[in-house]
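K.L.:
Listed below are the residues making up each chain.
2 protein chains.
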Amino acid sequence: MNVTDVSPARVPQEARARFRAGGTGTTAGWAPGHVQANLLAVPADWAYDVLLFCQRNPKPCPVLDVTEAGGWTTPLAPGADLRTDLPGYRVWADGELLDEPTEVTGYWREDLVTFLIGCSFTFETALGEAGVPMRHIEQGRTVPMYTTARQCRPAGRVRGPLVVSMRPVPPELLGTALNATALLPAAHGAPVHCGEPGGLGIADLARPDFGDPVTAEPGDIPVFWACGVTLQAAVTASAPPFALTHAPGQMLITDARDEQYRVA
Amino acid sequence: MNVTDVSPARVPQEARARFRAGGTGTTAGWAPGHVQANLLAVPADWAYDVLLFCQRNPKPCPVLDVTEAGGWTTPLAPGADLRTDLPGYRVWADGELLDEPTEVTGYWREDLVTFLIGCSFTFETALGEAGVPMRHIEQGRTVPMYTTARQCRPAGRVRGPLVVSMRPVPPELLGTALNATALLPAAHGAPVHCGEPGGLGIADLARPDFGDPVTAEPGDIPVFWACGVTLQAAVTASAPPFALTHAPGQMLITDARDEQYRVA
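Chains as they are written, first to last, in the working numbering: chain A, 10 to 273; chain B, 10 to 273.
Same shape as in the complex, but just chain A (with noise of 0.2 Å):
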C-alpha cells in the first residue's frame, strides 16, 4: 500500500485500505458516485437518544446505518472497519475534543453504537450532474458552514442547534437545485432556506462557524441545506460522557451508489 499516493482512489476498497494504511487527509473527489457517511459513536445507553434526535430532525441527520453495540462493520461497506478506515477521527469526553487521532482502536469501548449519516457529498454530485456550479469547489474551498439560532427538536438528552452549509446559486438555477436534492433525502434532501441570512440568525456570511467564506458571483442567492456537522453540534451542547465522530470532511467512504438513495 503506498501511503504517499495523494491523489484520490476512485474504488471505495481501495480508498478505505489507504485510510487503514495510515493515509489522512479530506475524502472530497474520492471514490465519485458512492455514498460518503458521517460517523457518530455514542455509549449504548445514549443511543436511544440519538437515534430519536436524528428521527426528529431527519434533514440535518439522515441515518444510514446503526450498528449493533461494540461493532465495527457496517453492511454499507463490507469488510471496512469502522476503527480504522476513516482518514481522521475525533474524540470527545463530556463535550470537549480529546484527540484527534487516525485511528480509533485504543479508544474503543465494547458499549459503542455507530450512527452513519448521510453526507452532503451525495448532493453535490447531483447538482453538479444538474449543472449547478459550485462556487466553492471552483474556487478551491471547503463548504461554508453556520450554526444557526433554530435549535433541532430535542430527545431526551440530546439537543443543539441547526447546523446549514451555503451554496450560491444563480436564479435561474434555484428551481433545478432545489428539486435535485429534494430526491436526496438520505443526503440533507432540499434546501432549509433561500436568501436573506438573517431568516437563519446568520450575521455574516463572509465569516463561517466552519470552513471557508466563498465568492458568489453577481446575482447568486444564498442556498443553505441542513449539515451534518449538526451531529457534532449537538454533541458539544449535549456532552455525553464519550464519543467518537470522524474529523471535518474525513467521511466514511461506502460502497453505496448515491442514486440508490435517490427517491425517485
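A portion of the hints provided could be inaccurate.
[Unchecked claim] Now the stretches of chain A that chain B is said to cover, found in silico as 3 or more residues with beta-carbon under 8 Å:
| hint | region |
| --- | --- |
| 1 | 64-78 |
| 2 | 98-108 |
| 3 | 188-202 |
No lab work stands behind these hints, which were simulated from the structure alone.
Remember, it's a predicted structure, so these values are computed and weren't measured experimentally.
Quick reminder that beta carbons are idealized off the backbone N, C-alpha and C, glycines included.
For this one, chain A is given, so just place chain B on it according to the hints.
P.N.:
Frame of chain A, contents of chain B only:
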C-alpha cells in the same frame, strides 16, 4: 356530538372528537388530504429496538413521530388524546391479542412510548390524483395484504416478516404509480415489487392474509407496496410483554397535510 352520524368527517378535529365520543369504524375516506397514522405503543425498554427496527425497515415503517414515555399527545394533531381519539385499538400481551377496545385509558401505562407510522391512505390519495384507478375502492373492499417470505432486518428483540398491500395497476399507468408513491417515502414510498407474486413468496393473490381479495381488470399488473401492518406482524413475532396498536384500518387522523410529506 352526534355519534350516530356515520358520514366521514372532513375536518381532522371533528373526526377525532367523534371517535373520542365513541364513534368507531374505518377511517378510510375521512378528512381527505390529511395524513393518517398507524399507532404502536410499547414499554420504554422496548422503544430503542422498535425505533431501530423502523430505521432499518423504513419502507414498511416510516416514523412520523415518537412521544416521550407516558405521553399521549403529538404535534401532528394538536389537542388529540392518543388514548381515546382513534376509532379502535388492539391490546397485546406477549404477542397475543388480549382486547379490542374503543379507547385505552384503562390500559395506559406511564412507561409507554408511542410510535406514529405513515399510512398508505396518503399515497392512495396521490395515486387517485395521478389518475391511477384503485380497484379495491371501486369494488368496495379493504385493500388485500399479504405476509411475505421476506424477513425484515431485525433490531434487537424486534423481528418479523414484511407485510405488503397489493393494488392491480393498468400497465400504461405503472410508471405514474411508481413515481407518485416514490415521492412519498413517509407513506411507504415506491413499490417493493411488481408482477409475479411468487417473487415475494405469495402463493395465491385470491387468499390475502389481511383485507379482502380484489378483482383485477384484464392486463392489470399486481403492484406490491410495503405495509404498516408489518409492525403488527412484528408484535406477534417478537412478543413484547405489552403493546397497544390501532385496530386495522382505524387510524389516527392528524392535522398534517399529505403534501407536507411529498419530497418534491
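K.L.:
Which of the listed hints are broken here?
P.N.:
Going through the list in order, the structure violates hint 2 alone and respects the others.
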